[in-house]
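As they're listed, the protein sequences go chains A and B. For the first sequence, the positions run 1 to 556 when the working numbering is used. For the second sequence, the positions run 1 to 579 when the working numbering is used.
Hints may be right or wrong, so weigh each one.
Label pairs and their calculated CB-CB ranges [as the list claims (entries may be wrong)]:
hint: 1; chain 1: A; residue 1: Glu424; chain 2: B; residue 2: Leu398; range: 50 to 56 Å
hint: 2; chain 1: B; residue 1: Leu177; chain 2: A; residue 2: Lys440; range: 29 to 35 Å
hint: 3; chain 1: A; residue 1: Ala171; chain 2: B; residue 2: His190; range: 24 to 30 Å
Below 25 Å or equal to it, Euclidean Cα-Cα: the simulated SDA-like pairs (lysine to any residue) are [said to hold, decoys possible]:
hint: 4; chain 1: A; residue 1: Lys230; chain 2: B; residue 2: Cys27
hint: 5; chain 1: A; residue 1: Lys102; chain 2: B; residue 2: Phe460
hint: 6; chain 1: B; residue 1: Lys89; chain 2: A; residue 2: Lys442
hint: 7; chain 1: B; residue 1: Lys227; chain 2: A; residue 2: Val314
hint: 8; chain 1: A; residue 1: Lys442; chain 2: B; residue 2: Phe460
hint: 9; chain 1: B; residue 1: Lys24; chain 2: B; residue 2: Lys192
hint: 10; chain 1: A; residue 1: Lys219; chain 2: B; residue 2: Lys233
hint: 11; chain 1: B; residue 1: Lys222; chain 2: A; residue 2: Lys230
Non-contacting residues of chain B with respect to chain A, defined by C-beta distances greater than 12 Å in every case (computed) [what the hints assert, rightly or not]:
hint: 12; residue: Leu11
hint: 13; residue: Ile74
hint: 14; residue: Glu123
hint: 15; residue: Asp221
hint: 16; residue: Lys229
hint: 17; residue: Ile260
hint: 18; residue: Gly268
hint: 19; residue: Leu286
hint: 20; residue: Leu398
hint: 21; residue: Asp406
hint: 22; residue: His439
hint: 23; residue: Phe460
hint: 24; residue: Glu504
Rather than coming from a laboratory, the hints here were simulated on the basis of the structure. Quick reminder that beta carbons are idealized off the backbone N, C-alpha and C, glycines included.
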Amino acid sequence: MKFILEYMKKYKIQCLIGPLFKVFEVVFELLVPLIIKNIIDKGIGNNDSSYVKQSVILLIVFAIVGFSCTILAQYMSAYSAINICSDMREDTFSKVLNFRSKDIDKLGTSRLLTTLTSDINQIQVGINLALRLLLRSPFVVLGAVIMAFTIDMKISLLYVAVVAILAVIIALNFRRSLPAYKAVRSELDNVVTETDDGLNGVRVIRGFTQTDNETKNFKVHTDKLNQLQKASAKITTILNPLTFLIVNLFLCILIYTGAIEFGNGNLSQGEIIALYNYMGQILVELIKLTNLIVQISRALACSNRVSSVIEMPVSPVIDTYGASSELLKFNKVSFSYNDDDSYALKDISLSLRKGESIGIIGKTGSGKSTLGALIARSYMPSEGEITYADGIPPKIGYTMQKTRLFSGSVEYNIKLDREDITSEDVDFAIDVSCARDFVKSKDMELTESGKNLSGGQRQRLNIARAVASKPQILILDDASASLDAITENNLIEKINSMTEMSKVIISQKIKSVKNCDKIIVLDEGSIVDCGDHETLLKNSDIYKEMYALQTKEATV
Amino acid sequence: MRKNKGSISALIRLLKMSRGSGPKLVCSIILAAITSVLTLLIPYFFGKIVDLFVGDLDMSQVTKYLLFIVSFIITTAILTYIMNTLNYKISYDTVQKLRDSAYEKINRLPVSYIEKTSVGSIESLVINDCETVSDGLLMSLNQFFTGIVTIVVVFVIMFIINWKLALLIAVITPVTLLITAVFLSSINKHLKAHSAAKGRQTGFLNEMISNLREIDNFDIDKSIDGKLKNIDKEYRKIAVKATYLSSLVNPSTRLFNGSIYAIVALLGALSVISGGMTVGALSSLLAYATTYMKPINEISGVFSELSDSLACASRIFEYLDEEETESFDKECSVEFEGNIELKDLVFSYDGKRNVIDGMNLKIPSGTKVAIVGTTGCGKTTLINLLMRFYEPKSGQILVDGKPITDLSKNELRSHVGMVPQDTWFKTSTIKRNILYGVHNREVSDEEIEKTSRLLGVHSFVKHLPKKYDEFITSKREDISDGQRQLLSIDRAFMSDPEILILDEATSSVDAITENKITSAVRVLCEGRTSIIIAHRLSTIIDADMIVVMDQGKIIELGDHKTLVNKGGYYSKLYDSFMQ
């Protein structure tokens, strides 16, 4: 609630004018029964047809003025609702872009997507309705009660009673419906995840003939969603008939007491009609209000989901760095994915000079990629310190193991909106990454995630976009895993020819790293050996073993 | 006209589809009719009571009418409750049915369709479009009927009260309808522009959210952020216009309503003065003048909602009508040995360039065959054909002498264990994923651990807090790509296949681990036909047969020694590898 109000601030004027003009509209509407009363009591009562005509003209004028107020109010509320939610969407998106990898892991991408699209849409519907009706309905109700008081004090107490009873019912209902709707939304997240899995895992699902089971499994989730939706609807469905019942029963009581009052000579025929009409207006508005409550409770549940994203603390980013004589220096750096004592990296110290190359090698799961991600500042160290020359982090080109390309042209995928990259840089990048043989034109279009390319082709474009910016440090994480040996050799040669660039080469293959100035051998998150190829062949058991295994074929 | 036809057939199909809800829908419509009649009778009786408010009031008459009204009210409230309950049940059951069939369709569509279409658009169909249809279509159908009933009943009652005034209103009404219709068709253009703008926005967000790490790495979040703002700038304008215009429908008819109300008040009051009718009749007439406009408002609203949801329904049905290549035949276990033969196999993705260009190959059962070649030479495509993810342009693949098209796809695949190039796991526990391909057989935890130990999976799973019950997702960063590949191999072996396909199965696994599991893989492959694609030639040196491919053709064939001695492409590749 507070969260939405915060966003309304920017559109204060529109958010005030909208409901205000709705209130004007209500005033004109509320005067109608009074005029009708006068037509009956004064016009008909005195057989005064000119009074009737005057009053009717007044009715038409009121209708037109009311309409003018409405169209202004509708515009204001549409304008505010859409702009508030667009602001909210943009802020959420900016926030998501600011998230560290760790935060994204925590929330999950399908959750983020539902929040950015359907959650915010629900809020938009809610705000638009609320601005139009939330003030209007209570005002009509209040106005009708006040008008009733001007007619007959005693009978009007009935109005107060009915409004009080319904307020309690609506409030109680609201409290129950909110958590029920929240449960619905979070199960919907699961259905989204299942759909996502079904689409992305199509080959594996079919390959293991699991289509039948997956279809059944999907149904388990939709069944659960269905039940939750019904449970949530059950709570709100009672509201509408209950309101109808209560208001109408009171109407009967009103007529009955009215009849007694009339018998005592305290009430005119016109007055009883006016009272009846006011009760009618209350009924219509309350029914609208109950529907509105359903919408608002949805919008609020969704706004909680949005605010939990916006207000989620971004895992701390270190942005002031100590100065060191080296381009980059790790001092006893440790890292844990879950902020607990299961360290993925432990006590890593290393340094990288300008133009130097470091190879990182080690067994599967030894922390190689994690170290690459830390050098690239994708993750922040849990302990220890990273320092840079002059305290300024160097420009980095980072190629991750898993390649994800954007839909768009080859040029876009390499340039990626980075303004400092020229067309020559793009050409240079295509050449360095050995991508020239399949990139016939820079305008070649890629489909979503580059699905129209083979695995090896995607990898080369991935390298191209990392080198295009001529980074100070180039990090290649297993960047040639899907390349055949000939292409790979070409690539290594070309990368090595960029001597001014510092390189971090992460690989399983001795061949990829053996020319590095320094090779780090990782095991279970720690540096076990460090040195150049020759030194490691003498001193490092793991390195020796890997080398032996990778060259043994020569002697087969 | 054709569009209308499409909409109508979509409507009919939807009704057929929600057949289970049919009786409910009929009940709901009947209830809607009853409740609207009852609701409308209430002002009529109140009018009767008001007429008693002259001179000496007959309290017994008042009580009589009030009792009528009370019984109406109670009945209406109960029936409304039942009707609303039916409605939400219909709505939720229908959305589920639509979603279930949309999901089932995913599993029946050709792989090519899914890989060509963006994941986001199918997802949006399953999630959003299905909801729009169930919310919009059935509910508006209901409102439409109630609306009609209300209008008819109101006119009948008004005719009974004062036929002249009723006639006047009846003449004015079509004018209102006409105005609404014209207005609606004029805003339709804006509504369409709105949904197109929204589609663009969702598509953009979808792609960016899946590429968040790249955006972070290349430090382009500012420009991506700016892009959304640009898209939004346009979206805001279009959305405000569309929302505003559609929110004018109600006030406009209300203005009209107000004028009619005034006319009724004028003519009615004058008629009362001249003794044409009673005050009570006037009061009821005025009450009806307000109510009768409401359904007209609603019906006009219903039309826009209806066209919206019919558009969604047509889209869903179009998708559901896409050609299917998969079926859910139950596999019947026939004897299966695993002799594979390719005969003049030709395949092309785009119909122009042949990715597989006339391949002939015999793989005897129980042998280990390796396929090597430059990236993009058609290795993975071959697997796609063997698994029947795609169908060849010409030529055929035989298994044990029978064309694979004679087997059901499930039958064929149930004999094959595949480790695909791109690892994928279901968002679920590690255990469930390891057992993913296991059919009709109980697997003990010990057995899982035994194989997992052999394949190097256990050594990292044992460090996870919940071990095999830990959730694995495609985004989970603390399980490395190499570890995922080991899991993927584990999964393939647990399915106990006759034919095993390893497509770059260990490309991210280090040499030591690889060496360790290679011997395990060798033992596990015993008695199975295995097809291995690898760039790392160390894994295939002991293969019985090495197939060297280039541009969709076999250029060399033989075991390692023969090929090295031959001094052709393979020996060049091998030299490069050993450098």
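Here's how the hints hold up against the structure:
| no. | hint | verdict |
| --- | --- | --- |
| 1 | A:Glu424 - B:Leu398: 50 to 56 Å | 53 Å, holds |
| 2 | B:Leu177 - A:Lys440: 29 to 35 Å | 60 Å, violated |
| 3 | A:Ala171 - B:His190: 24 to 30 Å | 38 Å, violated |
| 4 | A:Lys230 - B:Cys27 | 18 Å, holds |
| 5 | A:Lys102 - B:Phe460 | 20 Å, holds |
| 6 | B:Lys89 - A:Lys442 | 54 Å, violated |
| 7 | B:Lys227 - A:Val314 | 22 Å, holds |
| 8 | A:Lys442 - B:Phe460 | 43 Å, violated |
| 9 | B:Lys24 - B:Lys192 | 33 Å, violated |
| 10 | A:Lys219 - B:Lys233 | 40 Å, violated |
| 11 | B:Lys222 - A:Lys230 | 43 Å, violated |
| 12 | Leu11 | 23 Å, holds |
| 13 | Ile74 | 7 Å, violated |
| 14 | Glu123 | 5 Å, violated |
| 15 | Asp221 | 4 Å, violated |
| 16 | Lys229 | 6 Å, violated |
| 17 | Ile260 | 10 Å, violated |
| 18 | Gly268 | 9 Å, violated |
| 19 | Leu286 | 7 Å, violated |
| 20 | Leu398 | 20 Å, holds |
| 21 | Asp406 | 17 Å, holds |
| 22 | His439 | 7 Å, violated |
| 23 | Phe460 | 5 Å, violated |
| 24 | Glu504 | 6 Å, violated |
Of the numbered hints listed earlier, those contradicted by the structure are 2, 3, 6, 8, 9, 10, 11, 13, 14, 15, 16, 17, 18, 19, 22, 23, 24.
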